[in-house]
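Here the sequence shown is numbered in the numbering used here, starting from -6 and rising by one per residue.
I should point out that these hints are in silico values taken from the structure, not numbers from a laboratory.
Incorrect hints may appear among the rest.
[Claimed, not checked] In silico lysine to aspartate or glutamate, DMTMM-like type, Cα no more than 25 Å apart, as pairs:
(1) Lys197 / Asp374
(2) Lys266 / Glu300
(3) Lys197 / Glu149
(4) Lys197 / Asp176
(5) Lys315 / Asp474
(6) Lys266 / Glu323
(7) Lys265 / Glu300
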Amino acid sequence: MLRSWRKAEKDCALDRATSAENNSHFNEGLDDLESLFKTFGGGSPDSAPGSFASRIRVTAFCIAFTLFACAMASVDIAAVFSHRLGQGDWAGVASHALFTLIVAFLIYGGLVYQLTRLIHLRRRAEHRPVADSELRRFRRSGLPSLSILVPSYKEEPRVVAQTLLSAALQDYGSQRVVLLIDDPPKARGEQAAANLRRMRALPKQLQRLLDRERKYFDAERAAFERRGAVGEIDARGEALRLASSLERASEWFADQAAVFSRKDHAEVLFRKKVLLPWRYSLLGRARRLSTDPQSLSTSEIARSYGELAQIFSAEVTSFERKRYVNLSHEANKAMNLNSYIGLMGRRWRRVIGADGLRLLPAEKGPCDLQVADADYVITLDADSVLVPDYALRLVEVAERPGNERLAVVQTPYSAFPGASAELERIAGATTDIQYNIHQGFSGWSATYWVGANAVIRKAALDDIAEITEERGYPVTVYIQDRTVIEDTESTVDLIARG
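Whole structure, please, built from the sequences with the hints as guidance.
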């Protein structure tokens, strides 16, 4: 184990900025490693005492200054209007009114941002994450079923691999991760055909990668249970065996971090927010067991084996709606999601007709495709990454008593930091501003669903489903695509259904 500790210490020195919003498993491991890795888990600038208070004061001053400036400008504008009206200069009145209207819209946009920023900062200052003990209880009480849907259209396979892996490694349980490939099934050109082949192979490759580890830890748990059944349990020896298993799991995450080792800013964040937190937390737990083998009871050791296997228990698969003529072929993300959501919870058979391949219900007898239903659905863009505790924390909110009619729980996405291109940094800044605005809108009860990543109650989607027709085939629509931003229209639909 000494070799691994030294390697981990070296890794940590190379990734001094590594930190993550970790759930109970991560915090447990990181507490144990605090004395070993002084540079890990330093927290963000936002957590510094007084950081929110000073920014709240600055924002409030900016709002007051904006309103004061508007009041002073209004006096001058009124005087100009009065003078031109007195002279009968109607052309001047019209041009000045147009100018005033344009400036008013700009000021309105600025005030909206300032007000939402103020509420966002107040909410952040008051927010207290759910205690780790509460999350542990929630996790062990039995989690609702979850499907993570990743719509993809001509994306780079390496980028999609990050997204799928971050979804599969959610510290949640046996979630189902589905890559919704929307590329034309008959690709034109050698490069497009090669990318499509790689995209189709990606879920299977990731599944094999996860299955190998899950089977190993399942076998370790079964062996532990067999030893317990015949009374051959040695508490110290079992603790050291578990420590060895934890170290193996941590090495797996180190191997994946080596695969995603390019200096690309998205991969840097993926390693720091997803892979390395898992690695260090597992190493921390292994270290505690190695130094104090009596710290866990036999039942806790058995549960730990189960949790280890569960890390790798996600099901990763794919689906292509455009292979079937009776599913929607509309070229947008909403209809890609709708096509799959409409299949959930039912059995289907493939039938070749005169018009092409169809998917038809198979209520009885054999079927070609069985799509699992889910209590919750996460929609996740193919170029996004989830931190490991995303699903657990947000589903816990939706499952609290009194939240039974809560349809969507989300934390709007942020940009990948550290982009080298100026244009990408500007685009990232607008994304981060949108994050602040949505958090502020929530304080005014005025936010809307952001489809790039959100936890959605499946029953709520069923409530807003509509049957439409496309190319002569009936199509079930959950997320509307009639507006430029489909999320806002679906938000209105959800509110209308209560």
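Here's how the hints hold up against the structure:
1. Proximity of Lys197 to Asp374 is assessed by CA-CA distance (about 20 Å); at most 25 Å being required, the pair is judged to hold.
2. At roughly 20 Å between alpha-carbon atoms, Lys266 and Glu300 fall within 25 Å of each other, so this suggested pair holds.
3. Restraint check for Lys197 and Glu149: the C-alpha separation of about 17 Å stays at or below 25 Å, so the hint holds.
4. Restraint check for Lys197 and Asp176: the C-alpha separation of about 18 Å stays at or below 25 Å, so the hint holds.
5. As the CA atoms of Lys315 and Asp474 are separated by approximately 17 Å, the hinted pair is consistent with the 25 Å bound.
6. Distance hint between Lys266 and Glu323 is unfulfilled; the C-alpha atoms sit about 35 Å from each other, more than 25 Å.
7. For the given pair, Lys265 sits about 22 Å from Glu300 by alpha-carbon distance, which is consistent with the 25 Å threshold.
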